[in-house]
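Turn these sequences into a full structure, and let the hints steer you where they fit.
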Amino acid sequence: MDFHIISRQVPTKWANHIRCSSHEMATSIFLVAVAKWKKQLGDTRREMGALWRFYEHGWLPLLKRCKSMEEFKQVHAHILKLGLFWDHFCGSNLVATCALAKWGSMEYACSIFRRIEEPSSFEYNTMIRGNVNCMNLEEALILYIEMLKKGIEPDNFTYPFVFKACSLLGALKEGMQIYSHVFKAGLEGDLFLQNSLISMYGKCGAIEHARDVFDKMSERSVASWSAIIGAHASAEMWHECLKLFNDMMHDGRYRPEESTLVSVLSACTHLGSPNLGSSVHGILLRNTTELNVIVKTSLIDMYAKCGCIEKGLCVFHSMAEKNKHSYTVMISGLAVHGRGSEALRIFAEMLEQGLAPDDVVYVGVLSACTHAGLVNEGLEFFNRMQFEHKIEPTIQHYGCMVDLMGRAGMLREAYELIKSMPRKPNDVLWRSLLNACKVHHNLELGEIAAENIFMLNPHNLGDYLVLANMYARAQKWVDMAKIRIEMVQKGLVQTPGFSLVEVKRRVYKFVSHDKSQPHFHSIYAMIHQMEWQLKFEGYIPDTSQVLLDVDEEEKRQRLKYHSQKLAIAFALIHTSEGSPIRIFRNLRMCNDCHTYTKFISMIYEREITWNHSRKMQKLGEFKLPHFFNYPPYFTLQPVRDTREKQVQLWKDLILDYCRTQKVFVIGLEEEFPLFSNPIIGRSLTHEAREAFLSALVADGRAEWMDKGHRKCLILWHRIQEWAEILVQFARDNGLEDGVVTMEEIRFGTESQGTELQGIDQTILNRALKILEQKGKLVVFKGTSTDDEGVKFSL
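Residue numbers for the sequence shown follow UniProt numbering, so the first one is 1 and each next one is one higher.
Keep in mind the hints are simulated off the structure, nothing from the lab. What you are looking at is a predicted structure, and each value in this text was computed from that prediction instead of being measured. Virtual Cβ for every residue (Gly too), placed ideally from N, Cα, C. It is possible that some hints are incorrect.
[Stated by the list, open to error] Computed cross-link-like contacts, EDC-like style, restricted to lysine to aspartate or glutamate with a CA-CA straight-line distance of at most 20 Å:
hint : residue 1 : residue 2
1    : Lys-535   : Glu-552
2    : Lys-504   : Glu-240
3    : Lys-651   : Asp-641
4    : Lys-490   : Asp-427
5    : Lys-67    : Glu-107
6    : Lys-651   : Asp-699
7    : Lys-776   : Glu-788
8    : Lys-390   : Asp-359
9    : Lys-149   : Glu-139
10   : Lys-662   : Glu-755
11   : Lys-515   : Glu-531
12   : Lys-322   : Glu-258
[Unchecked claim] Beta-carbon label-pair distances, calculated as ranges:
hint : residue 1 : residue 2 : range
13   : Ile-294   : Thr-642   : 50 to 60 Å
14   : Leu-379   : His-686   : 24 to 34 Å
15   : Ile-294   : Ile-448   : 37 to 47 Å
16   : Asp-706   : Glu-290   : 26 to 36 Å
17   : Ser-318   : Leu-649   : 29 to 39 Å
18   : Glu-669   : Glu-531   : 45 to 55 Å
19   : Ser-793   : Gln-353   : 37 to 47 Å
20   : Val-639   : His-686   : 16 to 26 Å
21   : Glu-290   : Ala-101   : 19 to 29 Å
22   : Trp-103   : Arg-731   : 50 to 60 Å
23   : Glu-70    : His-709   : 53 to 63 Å
Set out below in structure tokens:
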């Protein structure tokens, strides 16, 4: 028998059977084959070599087919039975499979590892990597020390995971000691190790060390840039994060990784810079064939937190695949924008997709109910969470419920809920109640809430200020003075408030009475101009917000130059007429600034958005005509002439509202602001809604989207008019022979403040088709809907 030929050919044949069979069948084939070959080959050394080659062909594919610990243990048992474990190659593969597979067990892998008589650096590297992946970080470092004690030399595959363990533990001192080992081993120039070192320094807060390593690198990769940008993001050095990204893009040799862009999007989010975020979105579309779930979720988060919730929704609806985190971010984003009903619809969609909600999702759901004032719905979801989904409420859930009840004036119910909690309430819960008491002027319950706060956290200045404000409103000056004295005795100093505003892709920071800006004279002049216009509109400063014993004129002067007012004045000077203004604050806005901003939004016809605490506020509401407050106009009139007049008024109102509010689709069975007027207690019937929209359809200003007339596409510009707007857009931006993506047309910087911003995709496609038929452009398809675009030929 020619054993050389057999060992090269026949075992492979058996191995092929193993690879192509189910796990159970493969195991049986393997054992039968081993028995047959033992019988045929006998016992000579040469024959045993052939047998071993057969073993190698048989067990390795079997091991690779394992998809669970149960299957793995069966293979392991057969290997032990056949006496193969003594081979180093076999032991290494067993350890690697068990330690690194998703279904693996580090405990079981360790038991195999400990039976290897002389493990090499490969086995140690595998065990260290597996422990880091499973977050057994201390065990990973213990294995590294064990390597050193046994005289096993770590290599360039060892250190990256050791550094990762140090970074996740925040063990900077140990990480620096390990770097000295790298230096002694002569591996300090290894690019992969340097990138790992930068990440470790960044996550441990040693940003100077991270920058030093980066600056001294003789060679860099895209991972190097990703590591240093991520390090600055971890340190919340957002401006530097964007500067590094800009340097990377100007270098021209690197295509940013998705992790890099996630860090940059985080920077845009924290700086409140939606335009920069949109630019990053554009870079993503141009440089990435397909955006994954993580990146798209980061985009949703950025747009929602920067006040561009419509863009966030667009990204969300474009996702072919969504995970639980995607839904959570979208629900939370809608919640902070006060769009509770939409958030609850997204939650219902999530449940329909078979995704089980967790405690984090329910925080978003309850928050949505809170900000939209959906008290009954909030109570229902709070109960469903516990009894249907078996989720035990956390402090955050109770906080949402206290906030919900407090906003609705249910102060006593909120107080009883806090007292009935199975766990001890924290200062955040009592603070929610205190703020609600301030709004509803309940000093008695407010004092109880404040007393509990001061016992739990006596060092939060804001709580003292709220209570002092309540005493001032009640004209209890002695009690207010006591609070002030207590603040001084405890050394409590108020954190300076500031406001950020983005103008022409730069973020400007303002503080109260700020004169540090180069053009502060023009800003103050604008404040005076605004003040005169405010007087004509009936604005009266709320001087109760100034908790000082000074005259009224002094109080008005102190309110006059609050940081938000300065930021708005600056934006009004330096942005185009009609464009939105977005303000980002580190502290809550006072009541006077809230009223002031509302008036300015109305006077200058600007949408003004700002964030504070957990909610995004928006002013610049649509001005409704007088007939909207006249009850008969909510009922279809029987007299022909009156009805024709009524229909015409409603057609004009719907078109005007949809144009100013960027509404393209109206659902007859969905909530729509024009369908009801809660002030007069009137709502349009389904018949009236359909009649008014059908009149628009007859005029060519709308189209039914389904046979059942449930949804209507509003054409406040006809399709031909949209085509002309597109041509003008291309000419205004020098795109007569240029290329632009669909996303850039709809949400790019160039479309900001124009009618194309947020245009419905169906309308856009039809307008593009008209121009394509005229030879004025070519629409090209990308690998996904994200990178479809247009090539103009004007």
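Against the structure, the hints come out as follows:
| no. | hint | verdict |
| --- | --- | --- |
| 1 | Lys-535 - Glu-552 | holds (16 Å) |
| 2 | Lys-504 - Glu-240 | holds (19 Å) |
| 3 | Lys-651 - Asp-641 | holds (15 Å) |
| 4 | Lys-490 - Asp-427 | holds (18 Å) |
| 5 | Lys-67 - Glu-107 | holds (17 Å) |
| 6 | Lys-651 - Asp-699 | holds (10 Å) |
| 7 | Lys-776 - Glu-788 | holds (17 Å) |
| 8 | Lys-390 - Asp-359 | holds (10 Å) |
| 9 | Lys-149 - Glu-139 | holds (15 Å) |
| 10 | Lys-662 - Glu-755 | holds (8 Å) |
| 11 | Lys-515 - Glu-531 | holds (19 Å) |
| 12 | Lys-322 - Glu-258 | holds (17 Å) |
| 13 | Ile-294 - Thr-642: 50 to 60 Å | holds (58 Å) |
| 14 | Leu-379 - His-686: 24 to 34 Å | holds (29 Å) |
| 15 | Ile-294 - Ile-448: 37 to 47 Å | holds (45 Å) |
| 16 | Asp-706 - Glu-290: 26 to 36 Å | holds (31 Å) |
| 17 | Ser-318 - Leu-649: 29 to 39 Å | holds (37 Å) |
| 18 | Glu-669 - Glu-531: 45 to 55 Å | holds (46 Å) |
| 19 | Ser-793 - Gln-353: 37 to 47 Å | holds (43 Å) |
| 20 | Val-639 - His-686: 16 to 26 Å | holds (22 Å) |
| 21 | Glu-290 - Ala-101: 19 to 29 Å | holds (26 Å) |
| 22 | Trp-103 - Arg-731: 50 to 60 Å | holds (59 Å) |
| 23 | Glu-70 - His-709: 53 to 63 Å | holds (56 Å) |
Hint violations for this structure: none, all hints satisfied.
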